[in-house]
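Enquirer: Chains as they are written, first to last, in this note's numbering: chain A, 411 to 676; chain B, 233 to 532.
It should be emphasised that the hints constitute simulated quantities derived from the structure, not laboratory data.
Check each hint, because a few of them may be wrong.
[Claimed, not checked] Reference listing, derived: stretches of chain A covered by chain B, where coverage requires no fewer than 3 residues with Cβ under 8 Å from a Cβ of chain B:
1) 544-555
2) 633-643
3) 655-665
Note that CB positions come from ideal geometry on N, CA and C, so glycine has one too.
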Amino acid sequence: MNCINKNAPRILKISKIVNEGLGQKSIFFNETIDSKPGQFIMVYLPGVDEKPMAISYKTRKEFAFTSQAVGKFTKAIEKLKPGDKLGIRGPYGKGFSLKKNACVIAGGVGMSSVSTLIDKLKNPLIIYGARSKNHLIYLKRYKKNNLEIATDDGSSGFKGFNTVLLEKALKEKKIKQVYTCGPEVMMEKVFNICKKNKVECEASLERYMSCGFGVCGKCMVDDQIVCVDGPVFTSKQLLKMPEFGNSARLKSGRKVSLQEYHATPT
Amino acid sequence: MLKTSICGVKLKNPTVLASGILGVTKPSLDRMGREGAGAVTMKSLCHEERSGNNNPTMFNEGEVFLNAVGLPGQGMDSALKDFKRLDDLSVPVIGSIYGYTLKQFGQVTKKIASLNPAMIEVNISCPNIHYGENYDNSPSLAAKVTKICKKNAGKIPVSIKLSPNVYDIKVMAKAVEKAGADAITAINTLTGMSIDADTRKPILKAKTGGISGPALKPVAIKCVYEIYKTVKIPIIGTGGITTGKDAIEMVMAGATLVGVGTACYYRGPSVFKKICKEMETWMKKNKIKNLREIRGIAHK
Ligand SMILES: Cc1cc2nc3c(=O)[nH]c(=O)nc-3n(C[C@H](O)[C@H](O)[C@H](O)COP(=O)(O)O)c2cc1C
């Protein structure tokens, strides 16, 4: 058997940092990465931690991930400057399919997990929800796209849940495939709306990960290994995953509600 | 062709999911059974909830896989509710436990026994935590652990998991056999460390870790060979087994069952089916009808 695998952090210099919105930054590297939309990388900040991040930009010359400062790790990422070094390994996981007549519905930073998908799709409808106008990212990037916005406070676009816009779009437009990433409660709603309307849906899940390559077993959702079987799952798979929208495992492996999972620092 | 039994437990094939690889939840154990494992071992649990180490906790370079997860686990009391029972999966389940004190070893053994696993594996050999005592390289302490676990396990067979990080593994094997162990699992990971020249730091957050994967195979083969020579109880030979041929070689060294862990990374979760198919192909070609014919044959 040939075992020339290498899955150790590759130390790269940050080439550029773009402020995207409130506490949200895109960290760029002048390197190529062989990845598909929906795949993720493990980002290693020496001395601090290593976490999964979606690849949010990808061109022939560079790639980036977008991080929102919430915990200890992402707050340390926020302080980095161009020239600082990070370790990158991956890409990992299975990505999105690329279907026609698609609608991409994102919530909050979930947008960074579907951005390279949007770049690849042919004129998809984008429905994007966030807390307020200041939390919206990539607005310039998508100014030529078919973009509908919803905010909780009504400071931009529709005031209310982005799923209301999805229900409307599914009735009025010819949509055959929905892609989603965002808070899991939102994705569960999207999944249910798609089921009701008999439209295929793919969702990108987030769980605590140690390895990213199917060893540590902490990212299990029912019998699915999120880092290798996912992170993108189809409606057909989600139907057999009762833990989707309900529970997740802490770093210790203990099963808790999604609410407790998100409230627990790692 | 591959049917095997150990301590009265019947298996459809000799491959066993090793402890700590994917066996954190019940659905994942069940899945690995469906992926073809003859039996599955749970991730080791102790008396308390532990988060383990921060990342990086593992990485791979070529044939070396280095980890220092630091035994995270939900704790036995939480696990009793989470797993409910261990005798209702499609394959036998081996419950893996440890404690810091002898008393805790006994207590967690009693609790895991209440879930009715097919076997109990006692992990005295993780190189990435401080147990409080050197159970892994003291024959007398290992014997004490064996006795207290046996006492609390009831009728369930107990296997003691040994470390390669010892001067003479034969002495350890003899000590646990004498203390009443029903089987021996060998081996846990070998201590190691890796430094990244660019960051000038150890890669693992915990600095040192344990080596598994193909690089560990010769160490494991040697340990199993020596243990087989020393004791009569059966051995779950574990360490670097990645292909059917590796598994056959492990049986030739003297193993009754073959533990497979890191190979789930190298070849994906379907590795068990692949290894079994490769074993059968080899056996057919060499006119071997039952693994008994080649067990320990390297000693002749
Ligand atoms: C990520 C990881 C976690 C492990 N966790 C445990 C554990 O909880 N309990 C245990 O007894 N052994 C644990 N081990 C050791 C394995 O069960 C096995 O003994 C060792 O990895 C050698 O086998 P392999 O090369 O097939 O992986 C772990 C190994 C790895 C790689």
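Enquirer: Determine for every hint whether it applies to the structure shown.
Expert: Okay, the hints, checked on the actual structure:
1. 544-555: The restraint on the segment 544-555 of chain A is violated, since only 0 of its residues have a Cβ under 8 Å from chain B and three are required.
2. 633-643: holds (count 3)
3. 655-665: Holds, because 7 residues of the segment 655-665 of chain A bring their Cβ atoms closer than 8 Å to Cβ atoms of chain B.
When held up to the earlier numbered hints, the structure conflicts with hint 1 and nothing else.
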